[in-house]
Amino acid sequence: MIPKLESIGKETLKEAGSARTLEQLEEIRIRVLGKKGSLSEVLKALGSVSAEERPKIGAVANQWKQQIEAALQERKTQLEGEVLSQQLKSEKIDTTVPGRVPHRGSLHPITSVTQRIVEVLGRIGFDVMTGPIAETEFLNFEAVNIPKDHPARDMQDTFFLGPEVVLRTHTSSVQMRAMRGKKWPLRILCPGSVYRCDYDATHLPMFHQIEGLWVDKDVRMSDLKGTLDFFAKEIFGKESQVRMRPSYFPFVEPGAEVDVSCFKCKGTPKDSCTVCRGSGWLEILGCGMVHPKLFELAGYGTDVTGFAFGMGIERIAMLLHQIPDLRLMVQGDQRFLSQF
Amino acid sequence: MKISWKWLGEMVDLSGVETPQKLADLLTHRGLEVEEVRPLAQGLEKVITAQIVVRNKHPDSDRLSLCKVTIGKGDPLEIVCGAQNMKSGDKVALAMVGAQLPNGMAIAQSKIRGVVSNGMLCSEEELKFKEKSDGILILPESTPLGRPLAEALGLDDVIFTLKLTANRADCLSHLGVAREVAAALHSKLKYKMPELKLLELPAAPIAVKLEAGESSPQFYGIAIDGVKIGPSPSWMVRRLEGLGQRSINNVVDATNLVMLELGQPMHAYDADKIEGKLLKVRPAQKGEKIPLLDGQTAEMQGFELVISDGKKGVGLAGVMGGGNSEVSDATKKLFLEAAEFAPGLVRRASTKHQRKTEAAHRFERGVDPTMVRVAIVRLAQVILKTAGGKATGCSSAALASRDPSKKSAPRLILVEPDYFARFLGFTVPEKELEKVFVSLECGVQKGSGAWKISPPPYRLDLNIKEDLAEEVARTVGYDKIPSTIPVLTSAPTIGSSDPFRQRYDLNLKAKRLLAEEGLYETVNYGFTSMARLKEFGLSSSVKVVNPLSEEFEYMVPSLLPGLISQAQENARHHFGSEPLSIRLFEMGPTFTSAQAVVAQGEMQTTVEEKWKLGLVLSGPGFKSALKNDLKDVDFSDLRSVVDGFLTRLGAKGVRYMPLSDRTAESVRGWVHPGKSVEILAGQGSAGFLGLLHPARARALKLRAPLWIAELDWEAIAALSRPPHEPTHFKPWPEFPPMERDFALVVKEEVTADRIVQIALKTGRPLAKVARIFDVYKGSQVQQGMTSIAVRVIFYAEGRSLQESETEAVSAQIVQAWQKELGAELRG
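Sequence lines, in order, name chains A and B.
End of the first sequence = 396 in this note's numbering, gap-free, step of one.
End of the second sequence = 923 in this note's numbering, gap-free, step of one.
Quick caveat, the hints were computed from the structure, so don't treat them as lab data.
Watch out, some of these pointers could steer you wrong.
Derived PhoX-like pairs: lysine-lysine, alpha-carbon spacing no greater than 25 Å straight-line [what the hints assert, rightly or not]:
1) B:K118 to A:K349
2) A:K289 to B:K576
3) B:K864 to A:K326
4) B:K481 to B:K324
5) A:K322 to B:K576
6) B:K142 to B:K207
7) B:K486 to B:K305
8) A:K132 to A:K91
9) B:K142 to B:K224
10) B:K857 to B:K826
11) B:K843 to A:K273
12) B:K843 to B:K826
13) A:K238 to B:K706
14) B:K706 to B:K727
15) A:K273 to B:K293
16) A:K204 to B:K542
17) A:K204 to B:K639
18) B:K452 to A:K204
19) A:K204 to B:K448
20) B:K864 to B:K797
21) B:K502 to B:K448
22) A:K322 to B:K118
23) B:K153 to A:K204
24) B:K164 to B:K153
25) A:K239 to A:K349
26) A:K294 to B:K576
27) B:K408 to B:K448
28) B:K376 to B:K183
29) B:K142 to B:K183
30) A:K326 to A:K289
31) B:K548 to A:K349
Computed from a predicted structure; not experimentally measured.
Okay, chain B solo, but in the shape it has when bound (with noise of 0.2 Å):
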């Protein structure tokens, strides 16, 4: 909402604050927010009304001129023009060199093509008087040379922009910000409400009708004949255009600047366009199409409410008027409309047909309902001043809650004074509340329990009690309000045993456990596009309705896309010659649905959300200070990473599974089957690890190997060790424990994993750890074979372990392993 300092001076004594910015700072502080304070003259500094004395060909162009131009009085000034609509004698704006022009622009002497500017004449674009401009600005003739242009156009005036909150629709005029001035000043309103006597001529010739129940509760119409329609005298179009309104003509207008001074949107019609003799509020029928204002067509759903005459649609009501009653330059009879509508309809319908007008934006907000009638009067005044004509007659309707000789009884909000100290940690005297209350034009009825406050009909938003503490509270000023601890009356909850702070502590325990594994977390968005899950062989079952774009349309069911993504960014980022180490993982959530979207009561959703944890691994394994001296990272890094981060979360019963032609098709379309594993939680599957697969790999067209787990974090989760439950002690061997190591020769396929099982297996209770030290394939061993060394660990508890017990168990491990795998030992 812009204000002009100017025309709230006219409506309230503004001797109590020095400049507009102080102004704009106490509005801000009681809550309405200045986000901007514009002297119009701004930019203007150095630009002055000149005269184009002589406008001569540019010698070197045929596109630009070469005009001399004089400010009254020494040399004219040569300056090069690329406009056309200027003539020798035009009187223009020049800026001077210096000027720094309000779209920006810095005016310097400069050369064009071979010949010096020294300066530059304006258009009112660059003025930024309008959007868009063609050609400069020519001045009236009456203009005076050598004056400041702001001084010369009556720019003297200062525009605030207010950044309203949606419960202040009393401040979407300007004579509800000038109330909340008077308020904030302790100073008078000076405006003077119109006297309403237009109100009682006689019935004007076209009656008006409410067809729409509570959704419409009044309707006023003024005609008024024999109107000449033109421009708007200079100090309206100046006021408008201040406020960032084009003018269109001086009825137009003057809709416009009544809604700008009351807050009433208004609507004026030809009324010889209008059939029937009849304008009507009624909720419109599906499927019938209105011509609006804009010229186009607006086809009804039905539930909004229309205007119609006799015959059609003339109007959405509180959104935008007809095309076929508007006003043009051969209308000589006018019939003005002031009305009430529903708020929650007219937004429905702004939403719906996507016409977010300043009509819609107060309506929807609400609308002073005493207002309407006032409205109208004003209205019917500024055109009878401005396009001529005469008041005929009057027409309304109203519902007995807004018919003015019924007293209804008024909003009361009842509250005990010692509320507020309660409520707001402070003290306010009771006669300062009470002053609070008559500044805001409240009415208070003292008793000797609860106070009864009546709240002015304009401040649609006070209703509840707590609707008056924050107007004590900022009229009192926020500032005021005390700094207290709150006090807290019960032990916090037990977190080790809240769901939802053990999760919250899991997960951040997991993610610290990452971060030391030598990882970053990131962040990607939920959503991605179809383009990319295809690129990965994926789908998603919850879809964006209304997506930004097709880029954010899907959400995602898994993290790895985001993940490679980013990883893929990375590469690209060589610091030097030396690759990046990529290392990437994020936990967050993924979406399935198992069924089209829909709410299942007021708490749920269809939409599954399990919370994945995804991780990337490319590029050298390791940095040295001198030289990359390890390669690149491999399975064993990735398997580091997940192992040491399951240990240290003590997730129990995860195992590693090959895969095979048993793994899903989900798992084995990610990776590369010979140099990945599954990861298997409880029954079932809980994630993977490995290589990407290189079909993707290699249409990604990714050029280092890059290694990728996903784990499925609510398995993961279930399983883990409690965040808060401490690790227990256990003690090491007193006795010293034997070591034998093996090497054996087995067929390729054999897994570590199986030899190092068979070893503890058959080796209870004495072999307490087997550990792969050793693999080799090559030349020493049979083409097909490889050669592993285990080293087994056995020991007794509680006594020294005989030589003789540790070979008879070694026998056994060997035989084992010969028998079950077919394994040889080596020599």
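Okay, chain A solo, but in the shape it has when bound (with noise of 0.2 Å):
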């Protein structure tokens, strides 16, 4: 029997070593190894073999099982490796297609600033406060002293809705509202949209602004100038530089106009500059501490000083996305709106 096995186990070797597929090797494997294989045919036929021999042509018929057993996984392993090589070279997407586009929209510049700005200044302590659009008189304008007949109001024309009814020109009308409806210490940011006489190719008759108003006792104009580079700083960039000029609104005192230094062309002015057109400055903001008369229509008392501050949204948004027509805020075009 063991010439016999000795071709067995020798021919399989050959063929599985030579065999092209996995389904030849698994036929091979069957012919072999199954239930009904050479190999196994002849193992079953060690019964009518005498008990002295039967260990030794069984050890002999084990060593060719296992031989061709590991013949086989190794053509296995091989041919595995060929097919998946095989697969990776036939199968192939243009990777250079880009990806479908999803829907994505946006939030509006003015509503992005808005936030950021609330943001930066909840930081130091700011909370949020509203107000009405359609609005008195007296919180337009007598609340923040401005009396009628004087001429700070030529400052804003005004559209008014009715007897003592405007449409708010700023939202420094939130601020006696605000103090009226509180004690202090108040700290508050009041964003919103507010309206004014002027169309043309610089001014809306609809804008937005955000006004700061921080009451307490002993604040001091310089607590306002921290705020604002903080600000500043956040904003435009940490090398950003405030600048104030003394200037007159009637309800700060001291009053002052703010500057950032130009954020794009940083301290070396050109008057190439897109941004500042060459003065280094950019006007951001106006500003003041609370004028006394304002306390004194709260019921506050005298104990208490205070800054506040105002400025346009979209201003700041213009010069922070660079955009260079202020209708594009108001056209809905979505050109636009997609590149917020």
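Reconstruct the complex from the two isolated chains, following the hints.
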């Protein structure tokens, strides 16, 4: 029997080594090692062999069985590798085709810039408060120290909706609401839309402002400057400087206009700078120390001081996003809106 | 306010500044913002004095001339000229090739009708000497040739344009600015106030009288006889024109000049036209008509102050003189007026009668009460010099508060010197403080405690210690103020319980959710036109009283008209052949008033601001890299946006209701009745979504279907989960659920919503989810019927579900469908 085993073994090893496909390999395995396989048949006949020869032949048969199994496995691994590399070679898509474009919406820059400011100033303690757009003339003017027949009313041409009802000309109208509605200390930001009779390339009849008001004991003008300094550095970059120039708003005293250093040309202004046009500075807001008249109207007494500031959101948004034309803000053009 | 560098230099020593620009910077940093620094010679660099040797006709034009022009040396130049007012021998202003004129015109050698022109003869308009001019500028015969025009005309001045704030009335004159400059440069004023001897003249034949109480506390008049009205001397013309004022005659120009010098507006009357030997200030009578200098007649409301003589009104006090008493070429006798009027009244009058004059501008901001009598003397002196004559008398009237013989108490501000450090945040030494006040001509009385500061009479804006703090800060320099961070003396408001903060945060959350649903946020004006509202069958109860135009006249009752306009605009923005997928939303207020709009006390109005949320969708539903592989947006897209939005907001109790005859007209007018739903929140309507009504779409000429939604944001916000409230974890079923799919055939009018509701209700508590997954109409089902496929998911909490239970519940559900909807189970 041993020669027969050897002949099967040798033949099978040869066949396994030259098998071309996994299917052939499987066919060989079944033909030789399967229940009715040639090697199995030989082992079945082992019963008719003498007791002395049985272990000897059994050992040889097992040896061949193991050898064949190992050879089949080796060839299988080889063939599987070939199949995989064939698959990898043949399967190919054009990966340079861009992905499907889902619809992504966006917030209007007025919303996102307002939120950015709320976030930044929120870090040093400001809360949010709002008021109506159709406002009493009292809150829009008298309450912020702009009496009737005062020349300061020229600064803001006003739309009226009825007797003593205006479309608020500034978010400063929220100041007295806040002060009468709450006790000090008061630290609020008032964002919202405002209206003025003004319509040209650089003015829209409706725009947005955010007002800041901080009232407490011992608030100093240096606190105002520090707040604006922090604001400017967060919004326009850490190298930003602020510059205050004396100015006049009836609801503050002293009053100031604030410029921030141009974030584009950074200290070396060039006439070609499209942001500051060579001045090196950008006018961004008006501010000052709350006029004592307001505390009087609020019933606060003389032991408090405070500061207030107000800025145009569109102005800040246009600077930050380098938007060339104010009118884009209200046109709803998706070519514009989709950029933010 | 325009200020002349040369004139300023006559009033204050300017040697402390190197250039006009430096002075401008200095003033700006003291709070007098200089908008423009303009050398008068700017743009005249290549404009030369020249003479027309001979004027010929252009060979090819009747209208044009061909002039030979010499600049005194070299060959004459040939210049084509279109003007008609010149002749051979005239001296003219020649813009040479390369000149860049003040009006922006660049001069180049050019061919005009076949003839080369080597420059241009300039008009005053082109040189910006005047707003309008006829013909070219003809210079005096004595003008030397070949000299720069600026030099020949003495245009060696620099003009500053100041953008003055309303509080700095004192700087509406050269003297006022000179004082500010003196304080800034620590230099002395050179200006000498006139001696007031003319005030000691005997009473003038025309008396002056005050009949308006505190509204007009002083009035001075000086009579001058024997004047000769004529053109002003050239220095005066030049000075006024440089400052943007038109020269009229030697008397009117003098009043303007002295106003620009001292800040006091004044008026000169033809004394012979004054009747009754009297001029007085009195309140106007309602309906009284006053002819004004501008040739028009103003009808008084009654609140105004007028100047009148014994018989008639001769001027609207503080605003404009009368047309019935003005100086003419024939005037021989003058009566000069200088007075003080209540700022508020002047402002109301100038606003009401729409005459924003230089005089009104100054009076409404307040004039220096001590300057009235000085200015009239100065005016008389100038007129005597330029128009001759003799001052013959002086009349005056003043209330006690203005009587120079009675010393009234000065305005006093009490302030402790350490206040400034406490308020400004940095220390200014007492010595320095005192210097600041002295430089501003304030009186300083130091004491052991508070200082007594008395501001000069012309600084009407200095009244409280905060005013002084500004003076200190701007004198020391705002740049000296340090930066400190304010101290947080208490915890910030609890944002999650503060209603303002909550609403702000919820608004932002809602906007972000809609952006995540793929929509772009947009912004519209809060007002629109009646025409636009009518297109949508809308009206507005809130109207702008003084609109910019019809376009912006009515406050919006809905956000949709604005959004639809923007959608229409966007539809025109094709990129190549691809239509744009339009998807916009807006959150904003709408305005209504139940009654005529009025204020209700100091803090309230009748206007109700209801915030809404508007959405528009149109065009392709999906953008693929390769092709538009999805069809146009449909109801399902819109519904998906709104559903997703409301779910993520956590809006509780929001339901949809198909439109019916009972739906409000305000909703049915907007949308297609069969392709829309109303949104219900609590008991009321909270908006709608659906297809823009085809009738409206047709009227608007829309090409593509437009899907719209408008939500009552106040109602939805009230039902939404507070923005800071966390959602709670919900465990998922531990035991496997069972699913059953049903194919139902129902009548067309049976809604998917009903099928789901019946399944969930009947199948309680095991049927947890019912979902429509197919809707089919067509050849496989009978006409008028719909096939709807529903999947119901069953599970039991905490245990395995038995097959038999599911079967039993399913049977109940099917029965309910059959009973309530007449549904048939399909094979």
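Hint check results:
Restraint check for K118 of chain B and K349 of chain A: the C-alpha separation of about 36 Å exceeds 25 Å, so the hint is violated. For the hint linking K289 of chain A to K576 of chain B, the alpha-carbon distance of about 19 Å falls within 25 Å, and the restraint holds. For the suggested pair K864 of chain B and K326 of chain A, the alpha carbons sit about 69 Å apart, so the restraint of at most 25 Å is broken. Restraint check for K481 of chain B and K324 of chain B: the C-alpha separation of about 11 Å stays at or below 25 Å, so the hint holds.
With a C-alpha separation of about 22 Å, the suggested pairing of K322 of chain A with K576 of chain B holds against the 25 Å cut-off. A C-alpha spacing of about 20 Å is found between K142 of chain B and K207 of chain B, which places the hinted pair at or below 25 Å, so the restraint holds. Distance check on the hinted pair: K486 of chain B and K305 of chain B sit about 23 Å apart at the alpha-carbon level, within 25 Å; holds. For the proposed pair K132 of chain A and K91 of chain A, the alpha carbon gap of about 20 Å is at most 25 Å, so the pair holds.
Restraint check for K142 of chain B and K224 of chain B: the C-alpha separation of about 15 Å stays at or below 25 Å, so the hint holds. Only pairs whose Cα atoms come within 25 Å are accepted, and K857 of chain B paired with K826 of chain B is accepted, the gap being roughly 22 Å. For the given pair, K843 of chain B sits about 74 Å from K273 of chain A by alpha-carbon distance, which is inconsistent with the 25 Å threshold. Of the supplied pair hints, the one linking K843 of chain B and K826 of chain B is violated, its CA atoms being roughly 38 Å apart against a limit of 25 Å.
Restraint check: the Cα-Cα separation between K238 of chain A and K706 of chain B comes to about 24 Å, which is no more than 25 Å; the hinted pair holds. A C-alpha spacing of about 36 Å is found between K706 of chain B and K727 of chain B, which places the hinted pair above 25 Å, so the restraint is violated. For the suggested pair K273 of chain A and K293 of chain B, the alpha carbons sit about 55 Å apart, so the restraint of at most 25 Å is broken. Note on K204 of chain A and K542 of chain B: the hinted pairing is violated, with a Cα-Cα distance of about 37 Å set against a maximum of 25 Å.
Among the hinted pairs, K204 of chain A with K639 of chain B is consistent with the structure: their alpha-carbon atoms are about 22 Å apart, no more than 25 Å. In summary, the hint linking K452 of chain B to K204 of chain A is supported, as the alpha carbons are separated by about 17 Å, within the 25 Å threshold. Distance check on the hinted pair: K204 of chain A and K448 of chain B sit about 13 Å apart at the alpha-carbon level, within 25 Å; holds. At most 25 Å may separate the alpha-carbon atoms for a hinted pair to count; K864 of chain B and K797 of chain B exceed this at roughly 47 Å.
Between K502 of chain B and K448 of chain B, the direct Cα distance comes to roughly 37 Å. Violation of the 25 Å bound is thereby established for this hinted pair. A distance of roughly 22 Å separates the Cα atoms of K322 of chain A and K118 of chain B; the hinted pair therefore holds under the 25 Å criterion. Taking the CA atoms of K153 of chain B and K204 of chain A, the gap is about 63 Å. The hint is violated against a cut of 25 Å. Between the alpha carbons of K164 of chain B and K153 of chain B the distance comes to roughly 11 Å, so the proposed pair stays at or under 25 Å and holds.
Of the pairs offered as hints, the one joining K239 of chain A and K349 of chain A holds, with about 17 Å between alpha carbons and a cut-off of 25 Å not exceeded. Restraint check for K294 of chain A and K576 of chain B: satisfied, since their Cα atoms lie roughly 20 Å apart, inside the 25 Å limit. For the given pair, K408 of chain B sits about 21 Å from K448 of chain B by alpha-carbon distance, which is consistent with the 25 Å threshold. Simply put, K376 of chain B and K183 of chain B have alpha-carbon atoms about 53 Å apart, too far for the 25 Å limit, and the pair is violated.
Our distance criterion of 25 Å between C-alpha atoms is met by K142 of chain B and K183 of chain B, whose separation comes to about 23 Å. Between K326 of chain A and K289 of chain A, the direct Cα distance comes to roughly 21 Å. Compliance with the 25 Å bound is thereby established for this hinted pair. Between K548 of chain B and K349 of chain A, the direct Cα distance comes to roughly 21 Å. Compliance with the 25 Å bound is thereby established for this hinted pair.
Checked against the numbered hints above, the structure breaks hints 1, 3, 11, 12, 14, 15, 16, 20, 21, 23 and 28 and satisfies the rest.
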